[in-house]
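Asks: Single-letter residue listing:
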Amino acid sequence: MFVTSAHAQTAPAAPETPAAPGTAPAGDTHAAPAGETHTETGVAHGDEHGGGTFPPFDATYYPSMLLWLVITFGLFYFLIKNVIVPRVGGIIENRQGRIAQDLNEASRLKAEADAAVAAYEKELATARSKGHKIAETAREAAKTKAAADRAVIEAELGEKLAAAEIRIGEIKRQAFAEVGQIAEETAAAIVDQLIGAKANNDDIKAAVAAAKTGA
Amino acid sequence: MANDPIHQFQISKIVPIEIGGLDFSFTNASLFMVATVACAAGFLYFATSKRSLIPGRGQSVAEMSYEFIANMLREGAGNSGMKFFPLVFSLFMFILTANLLGMFPYFFTVTSQIIVTFALSLLVIGTVLVYGFYKHGLHFLQLFVPSGVPGALLPLVVAIEIISFLSRPVSLSVRLFANMLAGHITLKVFAGFVASLGALGALGIGGAILPLIMTVALTGLEFLVAFLQAYVFAVLTCMYLNDAVHPGGH
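Protein chains in written order, with this note's numbering: chain X, 507 to 721; chain C, 26 to 275.
It is possible that part of the hints are untrue.
Covered, in the sense of this in silico footprint (three residues per stretch, anywhere, with C-beta under 8 Å from a C-beta of chain X), are these stretches of chain C [as the list claims (entries may be wrong)]: (1) 39-51; (2) 68-74; (3) 85-99; (4) 211-217; (5) 256-266.
Just so you know, the hints here were simulated from the structure itself, not pulled from any lab data.
Even glycine gets a Cβ: it sits at the ideal position worked out from N, Cα and C.
With the hints as extra help, turn the sequences into a complete structure.
Replies: Here it is in structure tokens:
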């Protein structure tokens, strides 16, 4: 590695701050010669260990590697802890929350559908029982009305029958009454024919009446 | 130099910085640490920027890696271990991205440096120790005293438990480091065979086919190892964190 003048300037500039507590006697060795010696030793180290010790076991760069590891890994840890983990964890949690929410929504809708089915069936059952009841009452009503009608008609018929019987009795009685007269006339005619003499009306009447009661 | 399999692990300065006599230069390793963080954080950030309910490809991958680690940690350390989720997730993503970036030719593999893997495993063990003592006080030491062991055997068992606990950071770091290092060296050696045999003429080109096939196969294997080592690191981290959360519970 060659060292440019810019590098040579940064090299002495950096140790300026710890130079005071660390190497107290060399207080004002931040001039150009000091920088030269620093960089020279750095190059010398590189050449010396290049062919010598196995590089991973070369302790020359251990401080540098540790420092840069602390800086880079520390930064990485900071980023992971404060940016990446909350973000990725948030994404995953968000997704799980969303899935759980969707499942809840689905089960809620299913419950709603079940409730709707149950309500529908209940409604259907009540409607059916209501219809049944209506039919029942209609049948009852029809039955009672038919019974009432029949009773009325029967009563009417009975009345008519009674009237007819009364009339028949009257006619019969009238006929029976006329039968006596006819019998008297017939008996008078028969007697007239048989004996040629007029029979007494009262006798005939009495005889007919006697025959009637005797019969 | 180009065929030297060790050369890929060489560290070179990009911006030399020296503080208090120690070399804190911005090197190619630092550059790839920055690249790793930029790639991993950038991917996770932009893949999830839409926050869509139905994820796209990128968001799917980001969510999958998140849930993968979350499940691993929940199974390993229980729900009370979930407070370490950012740590385990960062470790997994950092190591995975560093391993995968290392698979690009000419790229530097951050996890092939023992100091990096050791620092990461010390971070894990340090977290376990600090949290364990903070949460359970001296009860945390129950970790080293398994229940149901006869009194005579107890000192031996405790010694073994302590040794196994102390060897954790070593095994954790060496496993990752050695896997990445060995894989990359093997890959480089076989690829080197292809180049050097190919330079020998017609016969050499014929002979180079075998290492070429090997290199292709090894590349696939290395991608597997890159993922597997990140996974193993994360799983072991979860197990060790379980000890911090439930010291008596094993």
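Asks: All hints are to be evaluated individually against the structure, with a verdict given for each.
Replies: Going through the hints against the structure:
1. 39-51: Check passed, 13 qualifying residues.
2. 68-74: holds (count 3)
3. 85-99: holds (count 4)
4. 211-217: As far as the segment 211-217 of chain C goes, the hint is violated, because 0 residues have Cβ atoms under 8 Å from chain X.
5. 256-266: violated (count 0)
Going through the hint list in order, the structure does not satisfy hints 4, 5.
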